[in-house]
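Protein chains: 2
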Amino acid sequence: MSIARKIKAAGAQSSMIRKMFEEGAILKKKFGADKVYDFSLGNPNVEPPEKFRQELQKLAQEIIANKHGYMPNAGYMETRQFIADKINKMQGLKLAGDHVIMSCGAGGALNVIFKALLDPQDEVIVPVPFFMEYNAYVDNYGGVLRKAKTRDDFSLDVAAIAAAVNDKTKAVLINSPNNPTGKVYSTRNITDLARMLDKKSNELQKTIYLVSDEPYSEIVYDNVKVPNIFTVYKNSIIAYSYSKTLSLPGERIGYIAVNPEIEEASELLNALILCTRISGFVNAPALMQRIIARLQDVKVDVDVYKRKRDLLCSGLGKAGYKFEKPQGAFYLFVQSPIADDVAFVQSLLKKNILVVPGSAFGSPGYFRIAYCVDDAAIVNSIAGFAEAIKECQ
Amino acid sequence: MSIARKIKAAGAQSSMIRKMFEEGAILKKKFGADKVYDFSLGNPNVEPPEKFRQELQKLAQEIIANKHGYMPNAGYMETRQFIADKINKMQGLKLAGDHVIMSCGAGGALNVIFKALLDPQDEVIVPVPFFMEYNAYVDNYGGVLRKAKTRDDFSLDVAAIAAAVNDKTKAVLINSPNNPTGKVYSTRNITDLARMLDKKSNELQKTIYLVSDEPYSEIVYDNVKVPNIFTVYKNSIIAYSYSKTLSLPGERIGYIAVNPEIEEASELLNALILCTRISGFVNAPALMQRIIARLQDVKVDVDVYKRKRDLLCSGLGKAGYKFEKPQGAFYLFVQSPIADDVAFVQSLLKKNILVVPGSAFGSPGYFRIAYCVDDAAIVNSIAGFAEAIKECQ
Chain A
1 MSIARKIKAA GAQSSMIRKM FEEGAILKKK FGADKVYDFS LGNPNVEPPE
51 KFRQELQKLA QEIIANKHGY MPNAGYMETR QFIADKINKM QGLKLAGDHV
101 IMSCGAGGAL NVIFKALLDP QDEVIVPVPF FMEYNAYVDN YGGVLRKAKT
151 RDDFSLDVAA IAAAVNDKTK AVLINSPNNP TGKVYSTRNI TDLARMLDKK
201 SNELQKTIYL VSDEPYSEIV YDNVKVPNIF TVYKNSIIAY SYSKTLSLPG
251 ERIGYIAVNP EIEEASELLN ALILCTRISG FVNAPALMQR IIARLQDVKV
301 DVDVYKRKRD LLCSGLGKAG YKFEKPQGAF YLFVQSPIAD DVAFVQSLLK
351 KNILVVPGSA FGSPGYFRIA YCVDDAAIVN SIAGFAEAIK ECQ
Chain B
1 MSIARKIKAA GAQSSMIRKM FEEGAILKKK FGADKVYDFS LGNPNVEPPE
51 KFRQELQKLA QEIIANKHGY MPNAGYMETR QFIADKINKM QGLKLAGDHV
101 IMSCGAGGAL NVIFKALLDP QDEVIVPVPF FMEYNAYVDN YGGVLRKAKT
151 RDDFSLDVAA IAAAVNDKTK AVLINSPNNP TGKVYSTRNI TDLARMLDKK
201 SNELQKTIYL VSDEPYSEIV YDNVKVPNIF TVYKNSIIAY SYSKTLSLPG
251 ERIGYIAVNP EIEEASELLN ALILCTRISG FVNAPALMQR IIARLQDVKV
301 DVDVYKRKRD LLCSGLGKAG YKFEKPQGAF YLFVQSPIAD DVAFVQSLLK
351 KNILVVPGSA FGSPGYFRIA YCVDDAAIVN SIAGFAEAIK ECQ
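Those protein sequence lines, which keep their order, are chains A and B.
Read in this note's numbering, the first sequence has 143 at position 143, and its numbers run on one by one without any break.
Read in this note's numbering, the second sequence has 243 at position 243, and its numbers run on one by one without any break.
Check the hints yourself; a few may be wrong.
Treat identical chains as interchangeable: a pair holds within one or across any two.
Claimed, not checked - Quick list of in silico lysine-lysine cross-link-like pairs, DSS-like style, CA-CA up to 25 Å:
no., residue 1, residue 2
1, Lys225, Lys35
2, Lys390, Lys351
3, Lys306, Lys67
4, Lys51, Lys350
5, Lys86, Lys225
6, Lys8, Lys58
7, Lys318, Lys29
8, Lys67, Lys51
9, Lys67, Lys29
10, Lys28, Lys67
11, Lys168, Lys8
12, Lys149, Lys58
13, Lys67, Lys94
14, Lys168, Lys6
15, Lys35, Lys67
16, Lys322, Lys199
17, Lys200, Lys149
18, Lys6, Lys206
19, Lys58, Lys299
20, Lys89, Lys299
21, Lys8, Lys234
22, Lys86, Lys200
Just so you know, these hints were derived from the structure itself, not from any lab.
Remember, predicted model here, so these are calculated numbers, not experimental data.
Could you put together the complete structure from these sequences and hints?
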């Protein structure tokens, strides 16, 4: 066989999770899809906002020269300026359109960022638990993902991150609201991180970037505020996606925003544009870029997710599960009643409940529930959850 | 500064071409866009077919569950099956939907293919001249692009490719109809290549893949046929894009098709799907995948490009330029009247004509004209072309 050795190995590694998904598909066939409670994937079940549908219909009818043609690799300036204005309005910042580069979702954005930043062996520090794809996104460019523990409430443990910094550190990667915990880092927590990074940058005489993966930044509950990293740390870059804000994960539309105060901004921006081109992304999808620029203050109904969160937390709390109530995103990270989270996930599977073991996020002893599903699936699954925990006692 | 060393170097290298584009922008400002003849980019000026616009309008109105949601990383099975059926119908082959993986254009497809195939230092042989992005697409995965000359008529020089094969060779990459020459490789030429690769694979006891980049396969003139590589070589993979067939380059939609007879097909297909996911492409844009499956036998009006080709060839022929008449795509690769193609391109710039030097395609002594522009630009540029060649004599 002749495929790349690294990819062969990665294929073998990921087969455990794939096997679980396959078991899920078998269960659905056997018992019917409505009798299987699939909390495994973060595929939003909330439809895109009505305004999106209207604008798509309008745009489909309009005659525009070069409507689906190439544009500059960074995207349409109109869309980039629209996004810069929006960030400026929310945060009192001074981004120009040039500071925004359109991307194929946050996954595309992070790959472009790490390709632009990482030399082989450069390290990226990530708080644990974390979205498992980060491993690949950093490894793709020869980088090394270094893990730092979080506090018991999943807030940043700045001392743990500081201990992980060394002369190979190129970036710290955070994700708030967090997948898989739903944690939103407070302004205080982020500011502490920024101060530590400033100090370390000075000591080591090198730039340490703060990369913030923010696909869930507009999915927050209970009036929690997501602090903007640009206001607390100069060398910061945001990866954003409309996948969750507008329920468009299949369309691959997002952006990279660079702090206007960042060191040598113009060289970095050119590098990001170059990497967008040479990675084969070329540019973010044209039609979606055009629509984004027409959607002022539009997002999915977050109250729907809040209701689902409350249903789930109430049901699991009564059943005796322990967890931190999520402040954002649509994930609940639950303590496994037994130490072996993979075994507990298997026992939930016997109740036709599909969740992902914490091991897949670097945190054994937990499991993740993606609650972006029908209310009925949540309500009807509670009995199975309750049985599973009882069987452990 | 802290961007990756390799990207810093690549940025410096590509600045010559970027500078030319910038000079073009300055010219357009100074003289008016209609007085500048920009043949530098392959951005089709032909609008997408009317049927595409109709289907987009219909689709925009339809209510479909999870319309813009995640789907399997390989794409919607309906679309993959549609494409497999189309290839089978045209070529008498037996692809299943599983043999097709939807991609973000051919650029995305090639990156996924090379990520799946290449170990560091693996070599990919490409006939010269070639699309300049191949350098990056191979280098992205630690591979080495090895160049092989073509014959005077730009057909494959199979002996030259054979001489380039060694125990590091992982693939041969061809592109027919070709960018920048417009050459279509004949069945005989492709068959000779396939026989040589079979022989070399046996001798070296290793798989050598034939990767065919085919965004222009439906843009051909004068009843020329583009032979399908699947019918002549087992270990073959096609990278396809709808960018040119439907004039949608900004939408980033294409596919990878794998020969059903390929060695260890299932492991390779899994590797390609894994690489689609972990590279950050995740999946090809959902809406475009849905539309593709509704467009049976739809493509742009190729006669329009034929007319442009004939206008250009006639005008430049009379002016004394030497070239092979293109059989497909929308590029003309012209011999520079002086050895220094970069200098000649500069002299064309003084006539407000923008073209790309052959050096950028690995072939100094030529220049490339992308004739996917208004007829008027072609007609009105001929005088400038004629003056420039006269000034060399």
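Which of the numbered hints above does this structure break? Result: hints 1, 4, 6, 7, 12, 13, 16 and 22 break, sorted rising.
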